[in-house]
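> Protein chains in written order, with the UniProt record's numbering: chain A, 1 to 161; chain B, 1 to 363.
Any given hint might turn out to be false.
Cut-off 30 Å, straight-line C-alpha distance, at most; resulting in silico cross-link-like pairs (DSSO-like, lysine-lysine) [what the hints assert, rightly or not]:
id : chain 1 : residue 1 : chain 2 : residue 2
1  : A       : 55        : B       : 352
2  : A       : 161       : B       : 155
3  : A       : 133       : A       : 122
Here are some, though not all, of the chain A residues that point toward chain B, as calculated from beta-carbon distances under 8 Å [as the list claims (entries may be wrong)]:
id : residue
4  : 2
5  : 13
6  : 35
7  : 36
8  : 38
9  : 44
10 : 47
Covered by chain B, according to a simulated footprint, are these stretches of chain A (three or more residues, beta-carbon under 8 Å) [stated by the list, open to error]:
id : segment
11 : 3–9
12 : 51–58
13 : 66–79
14 : 113–127
Simulated from the structure, these hints should not be mistaken for lab results. Backbone N, C-alpha and C fix where the C-beta goes; we use that ideal spot for every residue, glycine too.
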Amino acid sequence: MLAVDGVPTPEDLAQKIPPPERLARRPVVIAECFQPIPCDPCSHACPRQAIGPFKDINEIPQVDYEKCNGCGQCITRCPGLALFVVDLTYGENEALIKLPYEFLPLPEEGQEVAGVNRAGEKVCRARVVKVVKTEKMDKTAVIWLAVPKDLAMEVRHFAIK
Amino acid sequence: MRQEISFVEIAVIGGGPAGLCAALEAANAGARVTLLDRQDRLGGQLIKQTHRFFGSQSHRASERGINIAAELTGQVMSHPHIEALTGATVFGFYEDGVLGVEREGKIFFIKPARVIVATGAAEKTLAFPNNDLPGIYGAGAVQTLVNVYGVLPGKRVLMVGAGNIGVIVTYQLLQAGMEVAAIVEAAPKIGAYWVHAAKVRRAGVPIYTSHTIGRACGTRQVEGAVIWQIDEQGQPVPGTEKDLVVDTICLSVGLSPLVELLAQAGCRLVYVPQLGGHVPLRDASLQTTVPGVYVAGDAAGVEEASAAMMEGALAGLHAAYSLGYNQTGYEARRAELQQQLDSLRSGPVGEKIRSGLSRAMIG
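Next comes chain A alone, as it looks inside the complex (with noise of 0.2 Å):
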């Protein structure tokens, strides 16, 4: 439980996770946000206006299915690195996740890594497909990471090995 252990359960997850059609469909943000606190940079991150505008600052970040598109632009915005995209069109067997990265060194492009879920645990081989580094993005990389698809909604984090 997230305020016990840090980890959140499966039924805190449920409301966060989108329905399986639209998952199927294209990629798309999951907000792994599950506190009102005073923190807005997320609503204002989305070009399409995915998340947001709030009314009040310590809303929680609810995602509008219809209107995101999984282009990721929000990760590097969200201070608690709580913004994820998922991508379960990226292959037959593997999804593709988009997370936040703030340890060096960065893993390369195509180096196997082991994918890491919400505790702390390795839960599968996984791939870096893509690293994502910009001026703009002060310091907090984007890495896509292609995965087994049946952890699509487990493997938050990665280690390299």
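For this one, chain A is given, so just place chain B on it according to the hints.
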């Protein structure tokens, strides 16, 4: 011995987020400001905050604290109305409103028409056996070592306290290449924002709530720590001891406001646990019970840096206004700043601050 006393309009004591914003706001209103900080560089705790800040996008949320420090410091240094004195320790606040200052081994005195005290807070510590062994640090000290000087305190650390500082410093230690054996938290719940907790957890750090450190182990330095679960009375639960091999123990068990100068000035203090300890009574303009003496930031009650910046700006605005500056723009600016500060405190995580403030506000 004859002593020169220089007269200044507004003295701001402390160049952290609150003090920097207080100085800028007052100077932008037209007042002459002398900003004093005992460190060699301005920015206070901001200079080691490498993480992105929460808060409102319109007020630097998602920016890193270090970048905010650089930006504010740049504005202060280039402002024609601000004289910034670093390495300057204010050691006394005398009955006649004179401040005693030490700088580079010399003592001098200033008599400000208004004083804004933004001295911040100090880390609390924790009593447990062997807590004097080398290798036991406050989280703030570790953050200074790692993020300002680029020095690791050890290889493997136990973090005590899962508030925002404990969890954020844990994350920064991981980034710096240390192993973090665990975070222990005596309360049954994580105090930090859960997104912070989630990011250290997925990076492999276990978080044990309802746990505390039983003792540090080692003879000449820390070689380990014993942690255990505690019951609702704070007593150890038998059979829950765990031995951790660590060479560093980092304490992040809260902050207490630095109110010594305010006490010397004769400001009435009140003990408010929700605000971290003794804090000065103050009105909505941040003026204390001593006319002309204002307070802002953690010295007024321990809170986030984003709130400290807003509070600093408010105190600066009010101090300048009371000297006759910015009589036309004042009300609009006051309402804007106050509304932003209120909104930061408005949610469920602001409840503690709101209940604390209700005991510290007068008038």
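> With reference to the structure, classify each hint as holding or not holding.
Verification of the supplied hints:
1. 55/A to 352/B: OK: residue 55/A and residue 352/B at ~22 Å, within 30 Å.
2. 161/A to 155/B: holds, 19 Å
3. 133/A to 122/A: With Cα atoms ~25 Å apart, residue 133/A and residue 122/A stay inside 30 Å; holds.
4. 2: Holds, about 5 Å.
5. 13: Violated, about 11 Å.
6. 35: With a minimum Cβ separation of about 5 Å from chain B (threshold 8 Å), the hint on residue 35/A holds.
7. 36: holds, 5 Å
8. 38: Holds. Min distance 5 Å.
9. 44: holds, 4 Å
10. 47: Result: violated, 14 Å to nearest chain B Cβ.
11. 3–9: holds (count 6)
12. 51–58: Coverage by chain B holds here, the residue count being 3 at a Cβ distance below 8 Å.
13. 66–79: holds (count 3)
14. 113–127: Three-residue rule met by the segment 113–127 of chain A, so holds; n is 5.
The earlier numbered hints that this structure contradicts are 5, 10.
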